[in-house]
Amino acid sequence: MKNRFYFIIGAIIAVFFSSCKKDNYEAPAADFTGRIVYKGEAINVEYGQVNFELWQSGFGNYSALKVNVSQDGNYSAKLFDGDYKLVFSPNQGPFLWKKNAAGKQDTIVVNISGSKAMDIQVIPYYMIRNASLMAASGKVNGSCKLEKIITDANAKDIESVSLYINKTQFVDGGNNIAIQQLTGTAIADLNNLNMSVNIPAIVPAQNYVFARIGVKIAVVDDLIFTPVTKINF
Amino acid sequence: MKKYIYAFAAIACLSFAQSCKKDSEFLDKQPTSTLPIDAVWKDPNLVLTVVGDLYDRFPDFQRIESWWLFADFDEGFASASGDYFRHQNLEYGYDSWRYWDINVYRLVNDLNLFIKRGQEATALKAEDRNRFLAEARFIRAGVYFEMVKRMGGVPLITVPLAYDYSGDPSYLQYPRSKEFEIYDFVIAELEAIKTMLPDNATVQSRATKAAALAMESRAALYAGSIAKYSNAQLTLPGGEVGIPAAMANAYFTKALNAAKEIIDGGKYSLYKKNPNLSDNFAALFTDKGSNPEVIFAKDFKLKTNKVHGFTIDNQPRSSAEEAQGGRLNPSLNLVQSFEKLDNTYASLATVDGSGNPVYYTNITDIFADRDARLAGTVILPGTQFKGKTVDIWAGYQLANGTIVTGDNFAQSKSNVLPGNPGSVQVVGGDGPVDGLEFSAQSGFYVRKYLDPATGSGQIGTRSDVWWIRYRYAEVLLNAAEAAFELGDAATAANYIKPVRDRAGLTTALTPAQITFDRIVHERKVEFAFEGHQLWDMKRWRLADKVWNGNNMSAADFTNASNIGSATRTSTQVFGLWPYKYYNPGNTNHLKYIFKVIKPSRVTAAHRFRIGNYYSSIGQDVLNGNPKIIRNPNQ
Chain A
0 MKNRFYFIIG AIIAVFFSSC KKDNYEAPAA DFTGRIVYKG EAINVEYGQV NFELWQSGFG
60 NYSALKVNVS QDGNYSAKLF DGDYKLVFSP NQGPFLWKKN AAGKQDTIVV NISGSKAMDI
120 QVIPYYMIRN ASLMAASGKV NGSCKLEKII TDANAKDIES VSLYINKTQF VDGGNNIAIQ
180 QLTGTAIADL NNLNMSVNIP AIVPAQNYVF ARIGVKIAVV DDLIFTPVTK INF
Chain B
0 MKKYIYAFAA IACLSFAQSC KKDSEFLDKQ PTSTLPIDAV WKDPNLVLTV VGDLYDRFPD
60 FQRIESWWLF ADFDEGFASA SGDYFRHQNL EYGYDSWRYW DINVYRLVND LNLFIKRGQE
120 ATALKAEDRN RFLAEARFIR AGVYFEMVKR MGGVPLITVP LAYDYSGDPS YLQYPRSKEF
180 EIYDFVIAEL EAIKTMLPDN ATVQSRATKA AALAMESRAA LYAGSIAKYS NAQLTLPGGE
240 VGIPAAMANA YFTKALNAAK EIIDGGKYSL YKKNPNLSDN FAALFTDKGS NPEVIFAKDF
300 KLKTNKVHGF TIDNQPRSSA EEAQGGRLNP SLNLVQSFEK LDNTYASLAT VDGSGNPVYY
360 TNITDIFADR DARLAGTVIL PGTQFKGKTV DIWAGYQLAN GTIVTGDNFA QSKSNVLPGN
420 PGSVQVVGGD GPVDGLEFSA QSGFYVRKYL DPATGSGQIG TRSDVWWIRY RYAEVLLNAA
480 EAAFELGDAA TAANYIKPVR DRAGLTTALT PAQITFDRIV HERKVEFAFE GHQLWDMKRW
540 RLADKVWNGN NMSAADFTNA SNIGSATRTS TQVFGLWPYK YYNPGNTNHL KYIFKVIKPS
600 RVTAAHRFRI GNYYSSIGQD VLNGNPKIIR NPNQ
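Chains A and B, in that order, give the protein sequences.
The opening position of the first sequence corresponds to residue 0 in numbering that gives the first Met the number 0, with each subsequent residue numbered one higher.
The opening position of the second sequence corresponds to residue 0 in numbering that gives the first Met the number 0, with each subsequent residue numbered one higher.
Take the hints with a grain of salt, since some may be wrong.
To be verified - Under the rule of at most 30 Å between Cα atoms (straight-line distance), these lysine-lysine pairs were calculated in the DSS-like manner: (1) A/155 <-> B/227; (2) A/65 <-> A/147; (3) B/626 <-> A/103; (4) B/227 <-> A/103; (5) B/227 <-> A/98; (6) A/215 <-> B/227; (7) A/155 <-> B/544; (8) A/65 <-> B/177; (9) A/98 <-> B/544; (10) A/147 <-> B/227; (11) B/266 <-> B/305.
No lab work stands behind these hints, which were simulated from the structure alone.
Based on the sequences and whatever the hints tell you, model everything.
The structure is reproduced here in structure tokens:
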């Protein structure tokens, strides 16, 4: 009986030891980080809505690695070393991506060997300038100007401009506690956009909100935003 | 010894004789479990079994066999714990509603094979054979129509394909056709087969002339509105997605003519058997005996395996025949869109102009003077199903505003009401209780397609109510919309009138009152829970405006002024809960008040992105065929 008992303990130890063996594959180690920029300025977008694709050939079925861009325009991905092709699929993001001679989205070759930081240049339809967000007597007041960057045949109109506030740092159309939207004649003058929104009662109470302005461009899904600002009141 | 030798010789003889048979004689045996193709094509009854299988594979998206799909948008709330996620998704995936995989093209291939074999068959009578062929072409047109409305242009394959194992599959790789080419194919096929099909209004579960024309009218209308309302974002340079605006009028004309042919044929009419307009509208969907409105339906039959559980899933919980039901709760968004009898839109009056609650003596009073289709589509609090009144009320409100309620069906509590130490029921037998599945969490239950037959709510019996794919009211509204888009509002008003008359809206709309918003609204209330909503919103390019991802609030449902607007935001499902006012001595004691609520399980706002207008194509399809182009905006 005792013999069998020792045998079982021995077997268990053997099993535990074998599970300490390394996996066959090493985890990806290289960090690929950077920002989405226009002339050095980061493009702020909605959380979880904008992504680009990384394609790597040579490993069986072809499919894209999607890399999400965070609210402030940063991205980061853990990758294996190797050669990748980077591309935004058409109409992803509030910006245009350069096209190749055939009129398709052009790719950038990215070589990863060790960590790499790279800013990705895009051309936004509009940039938000001189944004200011301030709290005054129970309201958040916002103002900004819009600069039209793309003025050729691809130019788009503004559909609406919105001021969002939220309890947390995620601020957009789906995550907000109050919103003011300007449409139609209110956005006739792109150099003079003023918004103001009442701060509703927050449970549990907090003496700050996060605010930002988002611009919806006609027939473009993704909005362009100002950076999230924490406002004490 | 000798007899052993004889026996041995006999065995040897027999086995040698056996091995003298030809191989082909021995191996080529007719299977006894399947029918050979040429035998099938000798007997119309056998061919009918094959056609029956093809009909069974006719595609639908929302249907009575899957009630939960009606909760994906804003028509209903899913009151079942496994389906709350439908109200918690931030956005629709780009692969939603994808209809392009191996099974779809296997069905297309089966149809193509059937048509080829039918054309080669000689043993059948010509009229039988032509009808079968036309039916297969009808189903094939339906499959391509389903594909084009979900995916845009797809490879158009009309001959059977087989791989020859040569190692080179490139001859099987077809590129995507243009979107309008698929619509043109569907329309041309239906036009070609309409005379080969029986022109008989009593044939409702197989293809008829009117079914072909009804599908043609719907397809042409979709193509016309895609052409008219398309924008530059929703096109591909090769035309796989997007239809040129110049083609819009030609499609609207085709839609109008196809609809007219059914209307002028005079074989169909609106269902008007019951003088009670609401009961009449409900019976339209459940009456299978000489129903003059139904053109093409998926039929079911009791005591076979072709039955469904829509009534089990959705019957009122308090009078259910099983301990379940009440899953699909129509939303306040839908309920308040039913207009008043004077053709105006109004929120349900929960508060008056100065914000004070409105007190109602009877629980149904708040719904008085509305479109009869409201009570025909929705089981309202205080109305009946199968002769039993539903018990929907959320609790008592005391004079000081305190709410007394419970957390289970028909719960009773003691000493909770002032001056009443006894035990009282504090919540309805159908709820609503927030977060309690099967209770009417939006304050309503669905009535459309709910089977009034005894036993329909039992798991052992189930229901054989059919699923109506095409009905005469749609033909009328198709004609009205096509005429309106062609600039003929007077004709549109004529076609829309009988549909509204049947709903009790007897003040006819004048041609000047027929607007795009009116047409959008009419289809919304007439066809709620009939699987039209997504496709209508897509073809009008309204989906990204109505489901725009912005949160809603109760203020959107009190004294709202834009209910009739086609672009009104409707991203979250809201409800309306009745309470009893408890204040002994007060004139309003035990009267009803109503509150607009958002079920707590509704946590996210639906967001339909530009890239959702055409579902994404699977990476396996793209890898398998380099000629396939991806859909835009994804």
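Hints, one by one, checked against the model:
no.	hint	in the structure
1	A/155 <-> B/227	holds (20 Å)
2	A/65 <-> A/147	holds (29 Å)
3	B/626 <-> A/103	holds (15 Å)
4	B/227 <-> A/103	holds (26 Å)
5	B/227 <-> A/98	holds (28 Å)
6	A/215 <-> B/227	holds (23 Å)
7	A/155 <-> B/544	holds (17 Å)
8	A/65 <-> B/177	holds (29 Å)
9	A/98 <-> B/544	holds (29 Å)
10	A/147 <-> B/227	holds (29 Å)
11	B/266 <-> B/305	holds (28 Å)
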